[in-house]
Amino acid sequence: MEREKVIEVKDLVKRFGAFTANDRLTFDVYRGEIFGFLGANGAGKTTAMRILCGLSRPTSGRVLVAGIDASRRPEEIKKRIGYMSQRFSLYEDLTVRENIELYGGIYGMAMKEILPRREALLERLDFTSYGDTLIRALPLGLKQKLAFAVAVFHDPGIVFLDEPTSGVDPVTRRQFWEMIYETASRGITVFVTTHYMDEAEYCDRITIMSEGRIVALDTPSALLRQYGTKSVEELFVKIARPQRNTV
Amino acid sequence: MKAIEAKNITHHYGKITAVDDLSFTVGEGELFGFIGPDGAGKTTLFRIAATLIIPSGGRMTLFGLNVVSGFRELRNHIGYMPGRFSLYQDLTVEENLRFYATIFGTTIKENYYLIEPIYRQIEPFKKRRAGQLSGGMKQKLALSCALIHKPRVLILDEPTTGVDAVSRTEFWEMLEGLKEEGITIIVSTPYMDEALRCDRIALMQQGRLMGIDTPAAIRSAYGRKLWSVSHPERYRLLLALRKMPQVAASEPFGDSVHMTLHEGAIPEDVRRMLDEAGIHDAAINEATPGIEDVFLELMKKEVRRSEV
Amino acid sequence: MAFVRKEFLHIFRDFRTLIILFGIPAAQILIFGYAVRTDLKNAGVAILDNARDEVSQELTKKIDASEFFYINRQLDSYDEIDATFKQGRIKAVIIFPDRMASGIAREGKATVSIIADGSEPNTASLVTGYVTGILNDYSATLTGDVTSSMPVINPEVRMYFNPNLESHFMFVPGVITLILILICALMTSVTIVREKEFGTMEVLLVSPLKPWQIIVGKVTPYFFLSLVNVIVILLMAWFVFGLPVRGSIALLISECMLYILLGLSIGILVSASVSKMENAIFISFLALMLPSLLLSGFIFPIENMPKIYDYVSMILPPRWFVEIIRAIMIKGAGFGYIWKETAILAGMTMILMIISSRKFKTRLEEGER
Numbered sequence: 000m001e002r003e004k005v006i007e008v009k010d011l012v013k014r015f016g017a018f019t020a021n022d023r024l025t026f027d028v029y030r031g032e033i034f035g036f037l038g039a040n041g042a043g044k045t046t047a048m049r050i051l052c053g054l055s056r057p058t059s060g061r062v063l064v065a066g067i068d069a070s071r072r073p074e075e076i077k078k079r080i081g082y083m084s085q086r087f088s089l090y091e092d093l094t095v096r097e098n099i100e101l102y103g104g105i106y107g108m109a110m111k112e113i114l115p116r117r118e119a120l121l122e123r124l125d126f127t128s129y130g131d132t133l134i135r136a137l138p139l140g141l142k143q144k145l146a147f148a149v150a151v152f153h154d155p156g157i158v159f160l161d162e163p164t165s166g167v168d169p170v171t172r173r174q175f176w177e178m179i180y181e182t183a184s185r186g187i188t189v190f191v192t193t194h195y196m197d198e199a200e201y202c203d204r205i206t207i208m209s210e211g212r213i214v215a216l217d218t219p220s221a222l223l224r225q226y227g228t229k230s231v232e233e234l235f236v237k238i239a240r241p242q243r244n245t246v
Numbered sequence: 000m001k002a003i004e005a006k007n008i009t010h011h012y013g014k015i016t017a018v019d020d021l022s023f024t025v026g027e028g029e030l031f032g033f034i035g036p037d038g039a040g041k042t043t044l045f046r047i048a049a050t051l052i053i054p055s056g057g058r059m060t061l062f063g064l065n066v067v068s069g070f071r072e073l074r075n076h077i078g079y080m081p082g083r084f085s086l087y088q089d090l091t092v093e094e095n096l097r098f099y100a101t102i103f104g105t106t107i108k109e110n111y112y113l114i115e116p117i118y119r120q121i122e123p124f125k126k127r128r129a130g131q132l133s134g135g136m137k138q139k140l141a142l143s144c145a146l147i148h149k150p151r152v153l154i155l156d157e158p159t160t161g162v163d164a165v166s167r168t169e170f171w172e173m174l175e176g177l178k179e180e181g182i183t184i185i186v187s188t189p190y191m192d193e194a195l196r197c198d199r200i201a202l203m204q205q206g207r208l209m210g211i212d213t214p215a216a217i218r219s220a221y222g223r224k225l226w227s228v229s230h231p232e233r234y235r236l237l238l239a240l241r242k243m244p245q246v247a248a249s250e251p252f253g254d255s256v257h258m259t260l261h262e263g264a265i266p267e268d269v270r271r272m273l274d275e276a277g278i279h280d281a282a283i284n285e286a287t288p289g290i291e292d293v294f295l296e297l298m299k300k301e302v303r304r305s306e307v
Numbered sequence: 000m001a002f003v004r005k006e007f008l009h010i011f012r013d014f015r016t017l018i019i020l021f022g023i024p025a026a027q028i029l030i031f032g033y034a035v036r037t038d039l040k041n042a043g044v045a046i047l048d049n050a051r052d053e054v055s056q057e058l059t060k061k062i063d064a065s066e067f068f069y070i071n072r073q074l075d076s077y078d079e080i081d082a083t084f085k086q087g088r089i090k091a092v093i094i095f096p097d098r099m100a101s102g103i104a105r106e107g108k109a110t111v112s113i114i115a116d117g118s119e120p121n122t123a124s125l126v127t128g129y130v131t132g133i134l135n136d137y138s139a140t141l142t143g144d145v146t147s148s149m150p151v152i153n154p155e156v157r158m159y160f161n162p163n164l165e166s167h168f169m170f171v172p173g174v175i176t177l178i179l180i181l182i183c184a185l186m187t188s189v190t191i192v193r194e195k196e197f198g199t200m201e202v203l204l205v206s207p208l209k210p211w212q213i214i215v216g217k218v219t220p221y222f223f224l225s226l227v228n229v230i231v232i233l234l235m236a237w238f239v240f241g242l243p244v245r246g247s248i249a250l251l252i253s254e255c256m257l258y259i260l261l262g263l264s265i266g267i268l269v270s271a272s273v274s275k276m277e278n279a280i281f282i283s284f285l286a287l288m289l290p291s292l293l294l295s296g297f298i299f300p301i302e303n304m305p306k307i308y309d310y311v312s313m314i315l316p317p318r319w320f321v322e323i324i325r326a327i328m329i330k331g332a333g334f335g336y337i338w339k340e341t342a343i344l345a346g347m348t349m350i351l352m353i354i355s356s357r358k359f360k361t362r363l364e365e366g367e368r
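In the order they appear, the protein sequences are chains A, B and C.
So in numbering that gives the first Met the number 0 the end of the first sequence lands on 246, straight run, no missing numbers.
So in numbering that gives the first Met the number 0 the end of the second sequence lands on 307, straight run, no missing numbers.
So in numbering that gives the first Met the number 0 the end of the third sequence lands on 368, straight run, no missing numbers.
Heads up, a few of these hints could be off.
[Unchecked claim] Some but not every residue of chain B turned toward chain A, in silico, with C-beta under 7 Å: (1) P36; (2) D37; (3) A282; (4) N284.
It should be emphasised that the hints constitute simulated quantities derived from the structure, not laboratory data.
Backbone N, C-alpha and C fix where the C-beta goes; we use that ideal spot for every residue, glycine too.
Starting from the given sequences, assemble the full structure and let the hints guide the process.
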């Protein structure tokens with residue numbers, strides 16, 4: 000069975016002046032997949048993700064996200080994706096319910112569609128008692144879970160997560176990944192960028208970027224076998240370190 | 000003499016108890032790790048040790064000097080690296096280092112041997128401004144600055160947060176080197192996997208210590224057998240495991256699911272039931288508990304204890 | 000001292016800081032300077048001609064013919080002057096005396112009164128200047144001697160609304176006051192708070208440095224830069240606008256130093272109370288700049304304000320400082336005239352320094368996480 004491709008990237012190049020941030024990236028992401036994008040700061044992850052989210056245009060190459068060409072109609076892409084980052088996700092001075100309404104509204108959902116779904120969501124997250132709490136009063140772990148739920152509230156085809164679980168406790172983190180699995184099982188593609196290697200092991204497939212290029216792409220276990228390492232962290236060090244030392 | 004002795008250290012911010020009745024000792028020359036998520040109280044504890052905060056209760060001494068009454072003398076012996084790298088972004092690498100040397104009443108030359116293995120790696124960029132360094136290089140520079148006055152104790156608050164894996168690995172190698180010099184190091188981190196690098200670790204959660212021991216002892220304290228179950232359809236697998244009466248706990252872990260079984264249950268039961276649920280060929284192997292598994296276990300016990 | 004060196008490095012590395020330090024004062028001087036130097040063209044004047052003889056009529060014609068003025072109206076009595084000014088269409092009233100021509104013939108002189116609208120001091124001085132010029136020209140044609148030291152027609156200038164023509168060139172003392180508070184309070188608070196925000200303050204506190212060393216190290220560069228600024232402003236005032244310091248320069252500089260210290264203390268106090276740069280800027284700006292601008296008598300004379308503002312302004316250092324430098328620069332007063340204001344400023348400085356050094360702790364503040 001041919002799996003449906005949700006993201007198709009071929010020979011993506013992004014230059015800023017003389018600096019090449021993304022150097023001929025090629026990869027596909029399938030429907031319902033959890034796809035990890037790994038790399039050190041400055042490896043080009045953020046640049047690539049901005050292009051995939053329709054925030055910036057590629058210098059050359061073909062980028063299709065949910066069937067839409069990122070160099071021609073980036074605005075269309077924005078409507079079909081969800082986005083969550085650690086830095087900006089929820090308004091601290093609005094309540095849980097208000098935040099959900101706001102995001103539903105931003106993505107063009109009608110109020111009569113938003114309200115029942117909002118209550119269903121609160122129910123599912125076991126959040127009903129927090130419905131009218133201000134975001135700033137919530138513990139970090141709950142905030143992150145809610146931020147993720149809000150990012151997929153409008154049922155996007157793809158959700159982009161930018162370092163979603165840094166700094167949370169292990170319990171919350173595992174619950175968070177459970178939510179991601181649940182989302183993926185509904186057919187929503189999850190695209191995660193991170194420089195935390197232990198997060199990578201939760202992904203179906205991972206891509207390791209270094210200096211603007213993709214240096215490895217496979218399932219975590221296949222990569223571990225291929226390089227003979229015990230953890231993704233070790234793997235990353237093994238792949239990225241020799242290049243570092245030539246700088 | 001112990002490098003650090005803490006007895007019943009407590010600290011409140013208003014109604015919030017950030018650090019709750021902690022007692023521990025750190026030996027001279029020990030590499031001691033505090034492991035815990037954000038908000039566990041690590042930063043507050045480290046600021047108390049660095050003489051920056053007066054604790055609400057309890058007593059802490061470093062080399063016999065009290066952190067409250069003896070802070071003037073003590074400050075000559077502390078190398079402190081706060082969570083945000085404390086560098087002047089608009090000064091060059093060299094200017095930063097020289098500045099920190101001067102305020103501690105020393106020169107770069109005097110203790111150069113100590114920072115050399117670290118500083119050598121960033122020396123080629125010494126005319127570059129600190130703000131333009133990568134995370135890993137900033138971290139190395141910050142460590143050099145904290146070391147320049149040859150402190151007896153290094154207090155490193157989350158030095159590896161936000162730094163890429165290669166730099167993290169290199170950083171821990173440097174700490175091993177400093178240990179050889181006899182410097183006592185306390186370091187905090189939210190990464191469970193870094194715990195293995197320490198001589199001893201303390202697991203922290205919500206201001207409390209859940210356990211202090213060597214990483215090996217902490218891991219072996221995990222009471223039960225841990226199984227790793229893997230199957231491509233992870234979410235279905237997880238839901239199926241949750242329904243089984245034999246399974247005591249199941250949680251996603253990396254690309255597999257970690258589970259523990261109730262007394263008397265064996266993995267074969269689980270395999271059979273998975274088959275019945277239409278999940279075929281799941282791999283079930285015994286797994287070595289990681290620090291994270293222990294942490295989870297202890298957290299659950301804490302919750303149970305506080306509910307009683 | 001290494002600290003001071005480092006602080007200078009920060010300042011010179013940051014282009015924006017330099018602009019704030021030196022660009023803004025220069026810009027303000029120029030803006031205020033040229034904004035008040037509006038050209039005079041066709042200003043309305045009223046004539047009260049008590050003489051109605053050939054001399055007065057000749058002068059009226061000359062004034063109306065000049066490009067600077069036009070005669071808005073002829074008045075019939077002194078009673079009309081007030082109402083005419085209040086209508087606001089004229090800038091000045093020119094009054095010719097009784098029997099002007101015969102007076103000149105008999106005594107060889109006459110006095111013409113010029114009453115200008117003092118609420119616009121700059122325009123007023125231009126108007127009186129040009130009218131005087133026309134009168135002198137005319138005198139010269141009467142005697143045939145342009146250089147005559149005793150003009151036949153004496154102008155007698157008076158101001159309506161603002162008899163002493165206060166606030167003429169007041170912008171220079173005002174700008175100095177404003178700039179000093181801006182640089183001292185704003186810049187020091189920002190530079191200290193920046194260390195808090197970047198986490199470098201934690202390490203400084205952990206070092207064996209004593210708090211006063213940190214404070215002195217942080218503020219010394221700004222002390223000197225502020226002094227340089229004062230001198231730059233004074234030089235500009237002198238060379239660009241021809242406003243010299245009438246009083247003692249040494250006294251002026253000493254008073255400025257006192258005021259700088261005051262500003263620095265405020266800056267330290269602000270920085271000890273907040274932990275974010277935006278807050279420091281916000282507080283310095285709203286709590287210091289605006290009141291200084293509005294209540295110190297820089298823009299609006301204090302005499303014209305409701306009493307309550309007068310009292311409020313008394314606790315604001317700029318009010319006293321404006322008075323001091325106005326006295327020194329424009330009136331040429333000595334220390335004897337301003338000791339009271341100086342004492343008030345010195346007292347304020349002492350109090351602020353004590354409070355701010357108390358507040359600046361050797362540890363992190365409670366609740367800062």
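Against the structure, the hints:
1. P36: Interface hint status for B:P36: holds (3 Å vs cutoff 7 Å).
2. D37: This hint holds: B:D37 lies near chain A, its Cβ roughly 4 Å from the closest one there, short of 7 Å.
3. A282: violated (10 Å)
4. N284: violated (12 Å)
Violation of the numbered hints given earlier is confined to hints 3, 4; the remaining hints are satisfied by the structure.
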